[in-house]
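Take these sequences, add in the hints, and give me the full structure.
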Amino acid sequence: MLLDRIAHVTDTHVPFFTSDQFSEYRTALLHTYGQWYQPPRKSNRGRYPKSIRVQRTELVYAQVVKIRNSNGRLVDVKNKIIFGDEDKLNEKLAESPVSRIINTSFIERENLTQRQSNRLLTRRSNGFSKKLSWFEKQL
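Counting from 1, one number per residue, gives the positions in the sequence shown under the working numbering.
No lab work stands behind these hints, which were simulated from the structure alone.
The beta-carbon is built from N, C-alpha and C at its ideal position, and this holds for glycine as well.
Hints are supplied without guarantee of correctness; some may be wrong.
What the hints assert, rightly or not - List of simulated lysine to aspartate or glutamate pairs, EDC-like, C-alpha gap at most 20 Å: (1) Lys92 to Glu136; (2) Lys66 to Glu108; (3) Lys80 to Glu91; (4) Lys80 to Asp11; (5) Lys66 to Glu24; (6) Lys88 to Glu108.
Claimed, not checked - If you anchor each label on the Cβ, the simulated ranges turn out as follows: (7) Asn69 to Gln116: 43 to 49 Å; (8) Asn44 to Lys78: 44 to 50 Å; (9) Gln114 to Val77: 32 to 38 Å; (10) Asn111 to His8: 43 to 49 Å; (11) Ser117 to Arg56: 32 to 38 Å; (12) Leu93 to Ser117: 27 to 33 Å; (13) Asn69 to Glu108: 42 to 48 Å; (14) Ser133 to His31: 22 to 28 Å; (15) Asn44 to Glu91: 42 to 48 Å; (16) Glu91 to Asn111: 26 to 32 Å; (17) Asn44 to Leu132: 39 to 45 Å; (18) Ile52 to Met1: 21 to 27 Å; (19) Asp76 to Glu110: 21 to 27 Å.
Right, here's the structure in full:
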């Protein structure tokens, strides 16, 4: 739903996406920014294969991969390109006014600010909401 709203306000422009390794981001991006593709039949007989969603050429999406040791400490941070290629990724990073590397620090900072300012999201608190609508209004 969030990506559908982003697509609605950005018109035809496809933003550059970065995230952590949560697998559902790929599915959501294909749902919003993908296009339908009908694979050809393998022979002249039988039904056609199911249509599938494939990426559009202007979609660029990269993930931040955090590698941890057995103690849970962060050892290394690598990048993985999911949609697009390295040239398009470098072009998008060069156009970015805020960062020249792939990171998730901005959204992590926003999530922490939300958690600290919204009592319903604070861990180990007795704040709760009986109605989802009030929680959504506060967000």
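Earlier hints that do not hold, by number: 1, 4, 6, 7, 9, 10, 13, 17
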